[in-house]
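Just so you know, the sequences run in chain order A, B, C and D.
Start counting the first sequence at 1; every next residue gets the next number (the working numbering).
Start counting the second sequence at 1; every next residue gets the next number (the working numbering).
Start counting the third sequence at 1; every next residue gets the next number (the working numbering).
Start counting the fourth sequence at 1; every next residue gets the next number (the working numbering).
For the record, the hints were derived by calculation from the structure and aren't laboratory data.
Where is the CB? At the ideal position from N, CA and C, for every residue including glycine.
Treat each hint with caution, since some may be false.
[As the list claims (entries may be wrong)] Here are the computed distance ranges between Cβ atoms for each label pair: (1) A:38 - C:327: 48 to 54 Å; (2) D:12 - A:21: 46 to 52 Å; (3) A:6 - D:188: 36 to 42 Å; (4) B:277 - D:241: 55 to 61 Å; (5) D:241 - C:239: 43 to 49 Å; (6) A:21 - D:325: 28 to 34 Å; (7) B:260 - D:185: 43 to 49 Å; (8) A:351 - C:261: 27 to 33 Å; (9) B:243 - D:4: 54 to 60 Å; (10) B:190 - A:351: 33 to 39 Å.
[As the list claims (entries may be wrong)] Chain C stretches covered by chain D per the calculated footprint, using a threshold of three residues with CB under 8 Å from any CB of chain D: (11) 201–213; (12) 224–234; (13) 237–247; (14) 255–264.
[Stated by the list, open to error] With a straight-line cut-off of 25 Å between C-alpha atoms, the simulated BS3-like cross-links for lysine-lysine are: (15) A:215 - C:215; (16) D:21 - A:50; (17) B:21 - C:50; (18) A:21 - D:50; (19) D:215 - B:215.
Protein chains: 4
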Amino acid sequence: MSTTKAAVQQAELDELYSAFKAAHMAPLWTQREGLMPDTPRSDAVPTLWKWATLLPLAERSGALVPVGRGGERRAIALANPGLPGTAYATPTLWAAIQYLGPLEEAPSHRHTQTAFRFVIEGEGVWTNVEGDPVAMRRGDLLLTPGMHFHEHHNTGERAMAWIDGLDIPLVRQIDAGFFELGPDELATRDTPTTSRNERLWGHPGLTPVGAPTAKASPLLAYRWEHTDAALRAQLELEDEGYPGVLEAGHAVVRFTNPATARDALSTIRCEMHRLRPGASTATTRIAGSAVWQVFHGTATARIGDETYRLDRGDLFAVPSWAPVSLTSENGMDAFRFSDEPVFAALGLARTARAES
Amino acid sequence: MSTTKAAVQQAELDELYSAFKAAHMAPLWTQREGLMPDTPRSDAVPTLWKWATLLPLAERSGALVPVGRGGERRAIALANPGLPGTAYATPTLWAAIQYLGPLEEAPSHRHTQTAFRFVIEGEGVWTNVEGDPVAMRRGDLLLTPGMHFHEHHNTGERAMAWIDGLDIPLVRQIDAGFFELGPDELATRDTPTTSRNERLWGHPGLTPVGAPTAKASPLLAYRWEHTDAALRAQLELEDEGYPGVLEAGHAVVRFTNPATARDALSTIRCEMHRLRPGASTATTRIAGSAVWQVFHGTATARIGDETYRLDRGDLFAVPSWAPVSLTSENGMDAFRFSDEPVFAALGLARTARAES
Amino acid sequence: MSTTKAAVQQAELDELYSAFKAAHMAPLWTQREGLMPDTPRSDAVPTLWKWATLLPLAERSGALVPVGRGGERRAIALANPGLPGTAYATPTLWAAIQYLGPLEEAPSHRHTQTAFRFVIEGEGVWTNVEGDPVAMRRGDLLLTPGMHFHEHHNTGERAMAWIDGLDIPLVRQIDAGFFELGPDELATRDTPTTSRNERLWGHPGLTPVGAPTAKASPLLAYRWEHTDAALRAQLELEDEGYPGVLEAGHAVVRFTNPATARDALSTIRCEMHRLRPGASTATTRIAGSAVWQVFHGTATARIGDETYRLDRGDLFAVPSWAPVSLTSENGMDAFRFSDEPVFAALGLARTARAES
Amino acid sequence: MSTTKAAVQQAELDELYSAFKAAHMAPLWTQREGLMPDTPRSDAVPTLWKWATLLPLAERSGALVPVGRGGERRAIALANPGLPGTAYATPTLWAAIQYLGPLEEAPSHRHTQTAFRFVIEGEGVWTNVEGDPVAMRRGDLLLTPGMHFHEHHNTGERAMAWIDGLDIPLVRQIDAGFFELGPDELATRDTPTTSRNERLWGHPGLTPVGAPTAKASPLLAYRWEHTDAALRAQLELEDEGYPGVLEAGHAVVRFTNPATARDALSTIRCEMHRLRPGASTATTRIAGSAVWQVFHGTATARIGDETYRLDRGDLFAVPSWAPVSLTSENGMDAFRFSDEPVFAALGLARTARAES
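Here chain A stands alone, though its shape is the one from the complex (with noise of 0.2 Å):
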C-alpha cells in the first residue's frame, strides 16, 4: 500500500474512533483481548499481610479514632495493591481487621452486604444479631447474614480484634447494596454463653421444627470446639485407612447452613484447613478469588510466582485462578474464605488440580 494511501486509511480510521468516542460507543476488536483473556488474568495481585503489622496499628487506631454512627466500625480494610483506589482485598472480597477497646460499642446498622466473623485470638465481645446476643472467642467464626441488624459490644477491660469477611466489592460492582441505620442503643446488654440461634440450631442433624423460617442460614455462630473435633476426625480416620481428608494429610470442613446444607453464606464460603506436620497440598487454581488467615501454626505458601512464610494471624489474598499450594512442617490450622458461591450460583466454577 502507498504511503498516501496509508496516511488516508488512517485518518478515515481516526475519524471512526473519534466518532465512535462522540457516540458513547468502543470497537471490540482493540481490546478484546484485555477483556477476555483465555484464562482469568486479575488485576488482583497475590498479598501477605502480617498479622505483626496489622494488629499494632489496629491497637493504635483504636487509641486514635473514635467508633460510632458515620463511620459505624472501626474496621481496616486489607488493600490488595493490585487495586489501586480500593481498599478490596480481592475484586469481590472484602477483609478487614475490625478492633473495639475496653467497654466500646459498635452501633446497629444492616445492609445487603453478607458478613462474617473469624475469631483469631481473645474473647468478651459479644455481636447481637437481630437481638440475639452472640459471644465471640477464639477459633469461632459468626455469620451475619444480608439485612440482619447487628451491633458489636465489648463487655470487658480488655481490648478484641478480629477479622470481618464481606462481600462489599462485589455488591459495590453491580450496585446490589441497601443500607440502613438500627436504633442507637444496643438491643440487648446480655452475655450469655450460648446464643439462642445455636440452641435451637446446633445440633447435629436435628431440625427444630416450631423456630420461624429464616432466609438465610439460621445456625450464626460456629464454635472451634466443633470446628476443632471435625478435623481432628478426619486424621483420625486417615490414620485408620478410612476415606474423609481431602487429600493426605489435608482435612477440611465447609461451614453450613442447617436449614440448606449449602454454604452458610450466600455469596461467601467459609472452611476451615488443617494441614498434618509435613503435609503438602497438591496446587490448585481455582475460578474464584480467596483470602486466607493463619489460626494455628506455621506454613509456607506459593501462590503464582510468589512465596511467603506464614506465622499465626498472617493473611494472604489469592487471585482468581492463581496456583496455590501449601507446605507445613510442624501442622498449621487456616481460616479461608472465597467467592465460590458466586462462580457456582452462575455455572462459572471451576477447578484445576495439578497432579502429585
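Chain A is already provided as a structure; the job is to place chains B, C and D on it using the hints.
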C-alpha cells in the same frame, strides 16, 4: 316406569355389567364414593400396642425361633387390625419389634426399602451399615437407607430389643422392591463407641469437604444426648419468652440429612416430641399415617374416637387424617415416624389444626 | 430330635403364633420373601384391552346409564385381572374409557387425584378446567391437575369417547384423597378453539411474566399438531445423522410443565412414542408400572411372557419390572403413561435395558 | 481542645494513615458511605444511543475495518459515559452493534461469557453454534451460552447488523473468563430455515426424551413469530377480561430455557415488552441494571431525571435502582435484557413499583 320396563332395563344393565366383567372392565359410577371419598377414609384403624405385651412375646420368640438366613431377622411386626391379612402398621409403614439374644447375629442383606432402628432400652448391639459399625443405645435413632448393606450383632450377654421402622407396605404396593443377600460373615466385629459416619458428619453445620458423596443421609446415627439437648433448649427458650417450640409446652425436633437438610430418610419422617408436664397438643389432622412410641413418661392420646393411656414403650398407629391430640400430666417424650415425605414429594401434603 | 421333643416345640410355636395374632402382631420371618422379593413381583399382570371391545361397551353404557351427580362420570375402568376386586389397571394407575353422548354434561368436581384425558378419536367435547374451556380433539393430551375444578360438556350431535388416566389407586392406597363437588351449572358454555392457558403458556420457551402463579402445570392442553411435529423432527434428524431419537427408529416426547420443565403431572408421566416402520425397541424393564394406548398404526408387543397384536386404540398394562419390547412393521404411534414421577420423587427409579 | 492538642492529634492521625498505606490497609470509616450507600448509587448513568447514529457508524466500520482472527468480531460496544475507560453499557452488561458485510465470516471461538444476538432488522446471516446453523431474522433472539463454539457467516449480498448482549463486564470484574479459538474454517455452510436445536426443543411443553443433556438452554433460537403471538394473546386476554398482562396495556414474555423453565441464560434475563397504544408503565425500580432496544413503534422513556424520545432501534441503559417509566402513544415493542438472574441467584433481588 312400568314394572316390566324396569325389569327389562335391569336385565340390560345386568348384561352390560357381565360384559364389563368379561372384558376386564369396571364402571366408576358404582364405586366412585369408595374410591374417591371426600376426605381420606383409611381401612387402617387407630391401634394401640402395649410394650408390656410386645416385649414378653419378643423374648419368647427369642427362645423358640432362630435368627439367620431366610427369615433374616427376628422381627415381629405390628399388624393393624383394619388391614387383615397384612403385617402393616399403616397402609405405608411397617413397624416391628426386633429381638437379638446374647451373642446372636442377624446376617447381611440390603434392599430398596428404607429402614431405621429406634432404641427404647438396652445396649450392646452394633449394626454394621456398609461396614461401618454403629452402636445402638437407648434413645438413639439409627438409619439404614435403601440399598445399604446392613447386619446386626449382639456383643453382650444380654438380649436387646428395639423398634424397626420401614416403608415395606408402600414399596410392596407400588412394586418397587429389590433385595440382595450379603456375605454370610460379619463385615466387622469392631465395637467403637462412635461410628465413622458420625465422626465425619456429626458436627453441627460442618460439612466434610473430602468425604465421599452419599446418595442418602451420610449421617446414620442420631444420639440421644443431642436430641435431648435440642428438646430441652426449646422448652427453656419458651420459658424465656422466645420462639422455638411448636406450640405451648410442645417441643419437636426432626431428624434430617445433614447433606441436604431434608428428611433423614426419603420416604419416612422421624421426629422426637416432648410434652412438658401439664401440656396438651392441639387436635391435628395430617394427610398421611404415623406410628408413635412413648420413650419416656406417660400420656393420654385421643385418636379419632379412641382414647389410650400410654406408658413407656407403648406404640400406636394413626391413620391418615385421623384427628390426634396428646395430653401429659407428668411430661412425656415420644418418637414419631410418618410417611409425610411421600406426601410432600408428590404434592399431597395437607394439615388441619384445630384452634385451641 | 425325638418326635416328642419336636411335637413339644411345635406346640410352643403354635402357642406363640396364637399369642402374636391376639396381640395384633405378625412375624417377619414367615413372610419375608413375599414382602421383600429379590425384584418387583407384581400382583398385576400384563393385560390387553382391545378397543374393538371397549368402545361398543362404552356406547352401550351410554344408552343405559345416565351421567350426572353421584356417579359423576360415565367412565369404565380397565380392571387388571391380577388385582381382583379392584378397578385398577396397575397398582398405582387408573385407566378408563369415558363416554359422553350428544349434548351431555358431566358435572363439576375437584379432587386430590391427578387426571388427564387422551383423545384417540372424535371431537366436540370441551372440558372446562377452573372455568377455562379446553377443546378435546384427536391426538390431544388434556390435563386436570389435582384440586382443579373440572367438568365436561359435549356440544355436538355425536357421542365422544376418550381415555382418562388418574392416580386413583395410589391415592386410595396411601389415603391421600380429598373430593369436592362444584356447582351444578356449567361454569361456561364457551367453545373456543384455543383455551386461555394455551394462549398464555403454549409458546415454546416463552414465559408470560404477568400470568398468575400456578401450583401445577399452567399449560393444560398439548395439541397433536405439536406432538406430531416434534416426533417427525426427531426421525428426520435421525435420517440426517443427528441425535434426537431415544434409540434407532424410536422417537419419544415427554409432556412437561412449561413452568418447571418437569413432568406435566406430579404423579403421572405422559409420553408419546413413535416407531418407524420396521423398528423395534430394546427390551426394557422399568421399576414402575405403565399403560399404553396405540394411537395410530399397528405393532406387536412382548410383555413378559405375553405377546400382543396391537391395533389402533388398543390398551395394555405393563406391571413394574416386566420386560417390554415393541416391534412395528408399518409404523406406530402410541401414548404411554406411567407412575415414574412417583419413583423418581422417592428415590426408587431403576431401569434395565437389554443390549440389542 | 487547644490548637496545639488538635495539631498533635492530626499529626498522629496522618502518621497512622501513612502507616496504613504502607501496610496495604485502608480504613472503613472514611469511606463507608461511598462503599455502602443507603440504596444503589451506580456510577453508570442513564444513557440513550440512537439507532440513527449507531448504524451509520457500524456501516462505516464495515468499510474500514476487516473482521477476522484477533479482533474476532466487528462489534462496537455501547460505552456508558458514567464508566469512563470502559466499553460497558452497565457495570455488568455489554451491549454492542455487530456488523457483517456481504459474504463475510466471523471466525469460531468460545468463552465463558454468555452471549445472545437480537435482530432488529435484516437477515441472511447464520450463526453456527456448536456446529448447528441458526438463521438470524428480524425479531429473533439467538443464544450463545457460555463455552459454546460459535461463528457467524453472511450468506447474502447485503450487510447485516444486530445487537450483541454479553456479561463481559461481570465476568471481567470477578475474573471468571476463559477463552478459546476454534477452527479457522467454518464448521458448516448449511443454511437451513430451522436449526436442529429448534427442531428438537422448539415445541411447547414437549421434551425430547432421547436428546443429549445440555448444560445450558438446549433451545438457541426464539423466533419472532412465537414472541409476537404470545404478546398478542396477552393483550387479547386483557380485552376479554382475563389475567395475563403484567399491568394494564403492558404485555411481557420472558425467554426461558425449556429444559429448566428458568432464564434462557444463566446471567442475563431476556424479555420482550409490548405497550398497547396509549399505555404507560408504572414507575419501577429494580436492583440490577438493564439495556432496552426499541423493536417497533415509538415511546417516551423516563429514567431517573432523563426523558428520552424513542424510535425504532434506539437503545438505552438503566442503572441499578433507577426509576423507569415508559409511555407510548402509538404502541411499542421493546426488547430488554438485564442482570436480574445474577441478583436472584445471589439473594439480592429487590423491586419497588410506584402505586399508580
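Hints versus structure:
Judged by the Cβ atoms, the range 48 to 54 Å given for residue 38 of chain A and residue 327 of chain C holds: they are separated by roughly 53 Å. The supplied range of 46 to 52 Å is met by residue 12 of chain D and residue 21 of chain A, whose beta-carbon atoms lie about 47 Å from each other. Between residue 6 of chain A and residue 188 of chain D the beta carbon distance is about 37 Å. The supplied range of 36 to 42 Å therefore holds. The given range of 55 to 61 Å is respected by residue 277 of chain B and residue 241 of chain D, whose C-beta atoms sit roughly 60 Å from each other.
At roughly 48 Å, the beta-carbon separation of residue 241 of chain D and residue 239 of chain C lies within the given 43 to 49 Å, and the hint holds. Our hint of 28 to 34 Å for residue 21 of chain A and residue 325 of chain D holds, since their Cβ atoms are close to 31 Å apart. For residue 260 of chain B and residue 185 of chain D, the Cβ-Cβ distance of about 48 Å falls inside the hinted range of 43 to 49 Å, so the restraint holds. Checked against the given bound of 27 to 33 Å, the beta carbons of residue 351 of chain A and residue 261 of chain C, roughly 28 Å apart, stay inside it.
Distance hint check for residue 243 of chain B and residue 4 of chain D: the Cβ-Cβ separation is about 57 Å, which falls inside the suggested range of 54 to 60 Å. Distance hint for residue 190 of chain B and residue 351 of chain A: a CB-CB separation of about 36 Å, consistent with the stated range 33 to 39 Å. Counting residues of the stretch 201–213 of chain C whose beta carbon lies closer than 8 Å to any beta carbon of chain D gives 12, which meets the minimum of three for the stated coverage. Given a C-beta distance limit of less than 8 Å, the hint that chain D covers the stretch 224–234 of chain C holds, as 6 residues qualify and 3 suffice.
For the stretch 237–247 of chain C, the stated coverage by chain D holds: 7 residues have a C-beta nearer than 8 Å to a C-beta of that chain, and at least 3 were required. Here the stretch 255–264 of chain C counts 8 residues with a CB under 8 Å from a CB of chain D, which clears the bar of 3, and the coverage holds. Proximity of residue 215 of chain A to residue 215 of chain C is assessed by CA-CA distance (about 22 Å); at most 25 Å being required, the pair is judged to hold. Pair hint residue 21 of chain D plus residue 50 of chain A holds up; C-alpha atoms about 14 Å apart against a cutoff of 25 Å.
Annotation: proposed proximity of residue 21 of chain B to residue 50 of chain C holds, straight-line Cα distance about 14 Å (limit 25 Å). Pair hint residue 21 of chain A plus residue 50 of chain D holds up; C-alpha atoms about 14 Å apart against a cutoff of 25 Å. As the CA atoms of residue 215 of chain D and residue 215 of chain B are separated by approximately 22 Å, the hinted pair is consistent with the 25 Å bound.
This entry satisfies every hint, going by the numbered hints stated previously.
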